[in-house]
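Novice: Given next are the chains, with one letter for each unit.
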Amino acid sequence: MIPISWYLLLSAFLFACGVTGFLTKRNIITLFMSIELMLNGVNLSFVAFATRMGSLDGHVFVFFVMVVAAAEAAVGLAIIISVYRTRETLNVDRVNLLKL
Amino acid sequence: MHLFLFLLFAMFCVAGAVNLLIQPKTINSALSLIVVMGSLALIYLLLGAEFVAVIQVIVYAGAIMVLFIFVIMLLNAGAEEQSKGSLAAKVLGIPGLLAGCAIALGVFLKHRPQEELIPIGALYGPADKVGMLIFTKYLLAFEVTSVLVLIAIMGAVVLARRSDS
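Just so you know, the sequences run in chain order E and U.
The first sequence finishes on residue 363 if you use our numbering, and the numbering steps up by one all the way, no holes.
The second sequence finishes on residue 210 if you use our numbering, and the numbering steps up by one all the way, no holes.
Possibly wrong hints are sitting among the right ones.
[Unchecked claim] Pairwise CB distance ranges, derived in the manner of DEER restraints: (1) E:264 with U:107: 30 to 38 angstroms; (2) E:349 with U:169: 49 to 57 angstroms; (3) U:139 with E:357: 23 to 31 angstroms; (4) E:285 with U:199: 21 to 29 angstroms; (5) E:285 with U:144: 17 to 25 angstroms; (6) E:360 with U:56: 39 to 47 angstroms.
[Claimed, not checked] Covered stretches of chain U (in silico footprint by chain E; criterion: 3 or more residues with CB under 8 angstroms from a CB of chain E, positions within the stretch not fixed): (7) 67-75; (8) 103-117.
[As the list claims (entries may be wrong)] So, partial list: chain E residues that the calculated Cβ filter (under 10 angstroms) puts toward chain U: (9) 264; (10) 267; (11) 316; (12) 318; (13) 320; (14) 321; (15) 344; (16) 348; (17) 358.
By construction, these hints were calculated from the structure, which means they are not laboratory data.
We treat Cβ as the ideally placed atom computed from N, Cα and C, and that holds for glycine.
This is chain U alone, in the form it adopts within the complex (with noise of 0.2 angstroms):
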């Protein structure tokens, strides 16, 4: 069961992931996009990282992907303009592409790892205990971040802002 919701999940976030890559439509590929980030939710959720799942749906598929289709819609961005792929990219690429994935491929079977096998919810990592390490641990690194985002929201307002007025 757990193999075929793995396999299932996963199946998902690599259709939504070359489905991105072929569509000529910016709209397109960021609803693929959304598909890929709550599969990958649903694989943390396998892992029993449960507050990453959730913090992925809310942040990632929520926030950041609402932006991006507002941005889209703002923009009005249709299909995109096509260059000509120069000569070289066909005649070097698309070999120096299959070398490297049958390179990629060769190390990975010749030394090929010990199985270890990781049963469902091997680790549990609740909101609670995760934000016990953020607030203990990792708690000035908690406390800058908060400093990078208060930069980043000023940083987008004075960008986005016409210079005019």
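For reference, chain E alone in the conformation it holds in the complex (with noise of 0.2 angstroms):
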């Protein structure tokens, strides 16, 4: 028997450290895998909500929140690579303009 507010806490802090990698981190992979974090903690705040409601939408939206990090991470990883092919880093401030 836990409450759920456990579980929102749990959420709120993977969201938190998502957005404070993302702020904080200088390798573009890195930025992409925080915000992966804030995926997955907004995805535990929606199964335990599914859970308080006693109604399964919630796992619904986990499955398409899941299939747009994925078409996320595909497109990203293949940006991260073609800027690296051009920039020959992965650090973010260096990759500060659009054109070459």
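Join the two chains, each given in its own frame, into one complex according to the hints.
Specialist: Take a look at the structure:
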């Protein structure tokens, strides 16, 4: 028997860790992983609220979030490879021009 | 027992998330993210979300993280270059962070919600029930999702292809 607020606190903590990583890290791949961490935190609160409401709709939404995350990871990593090919760096501070 | 399992996996989650932040090497961050995702899958199981737990392991910990690790190894990403933190971040950021945490904690403790206890497996979400919902109520969204995935595949191929050939 767990209070629902504990699940939500864990979810908020994961989201906050994701935001912190996104704002403080310099490596573009780590930034991407921080986004995945934020999505995971949101998924946990979806599942916790689904249990609270007694309805399975939350699980379906987690499924859709995962599909979007997979699509985002595929496109984002392709962009990262393309950026690395032209800039030879993964540091976001050095990727500050849209043109070459 | 339920409480013990929840606290154990929540601890793994928190440790993995903090480790992701403090590791300088990208590959170590990726591995700790896998720890977070695996323990989240077990927490989903504690909530009775069977289908979600399984696709969490297959899609997130399996597919997405394998893709990440492939890219990390392909690009040979080592330790990240540390930049000097700006002065404003030190002067304003740390007190701001502490104030934010204090406000959040104060609100949480003051408006303490009625503790609604969730017993283990209060809502059982096996694949057939979730599948029924996906293919009836959310059929349109599911079909749009398939188009999204198709576009993502084409986009990834176009972006990762060498432009000179």
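Novice: Confirm or reject each hint.
Specialist: Here is how each hint holds up against the structure:
Taking the beta carbon of each, residue 264 of chain E and residue 107 of chain U are about 32 angstroms apart, inside 30 to 38 angstroms as hinted. Judged by the Cβ atoms, the range 49 to 57 angstroms given for residue 349 of chain E and residue 169 of chain U holds: they are separated by roughly 51 angstroms. About 27 angstroms separates the C-beta atoms of residue 139 of chain U and residue 357 of chain E, a value consistent with the hinted range of 23 to 31 angstroms. Checking the proposed 21 to 29 angstroms range against residue 285 of chain E and residue 199 of chain U shows it holds: the Cβ atoms sit about 27 angstroms from each other.
Here the CB-CB span from residue 285 of chain E to residue 144 of chain U is close to 21 angstroms, well matched to the stated 17 to 25 angstroms. One distance hint, 39 to 47 angstroms for the beta-carbon pair residue 360 of chain E and residue 56 of chain U, holds here, with the actual separation near 43 angstroms. Requiring three or more residues with a Cβ within less than 8 angstroms of a Cβ of chain E, the coverage given for the stretch 67-75 of chain U holds, as 3 such residues are present. For the stretch 103-117 of chain U, the proposed coverage by chain E is satisfied: 8 residues have a C-beta within less than 8 angstroms of a C-beta in that chain, meeting the threshold of three.
Here the hint on residue 264 of chain E is kept, as its CB sits about 4 angstroms from the closest CB of chain U, short of 10 angstroms. With 10 angstroms as the threshold, the beta carbon of residue 267 of chain E comes within range of chain U, its nearest partner Cβ sitting at about 5 angstroms, so the hint holds. Hint on residue 316 of chain E holds. Least Cβ distance to chain U is approximately 8 angstroms, under the 10 angstroms limit. The interface hint given for residue 318 of chain E is met, as the beta carbon of that residue sits about 8 angstroms from the closest beta carbon of chain U, less than 10 angstroms.
Hint on residue 320 of chain E holds. Least Cβ distance to chain U is approximately 7 angstroms, under the 10 angstroms limit. Checking residue 321 of chain E against chain U by beta carbon gives a least distance of about 8 angstroms; that is within 10 angstroms, so the hint holds. At about 5 angstroms, the closest approach between the beta carbon of residue 344 of chain E and any beta carbon in chain U falls short of 10 angstroms, and the interface hint on this residue holds. Interface hint status for residue 348 of chain E: upheld, as the beta-carbon distance to the closest one in chain U is roughly 8 angstroms, under 10 angstroms.
Using the Cβ-Cβ criterion of 10 angstroms, the hint placing residue 358 of chain E at the interface with chain U is not satisfied: the shortest such distance is roughly 13 angstroms.
Hint 17 from the earlier list is the only one contradicted by this structure; the remaining hints agree with it.
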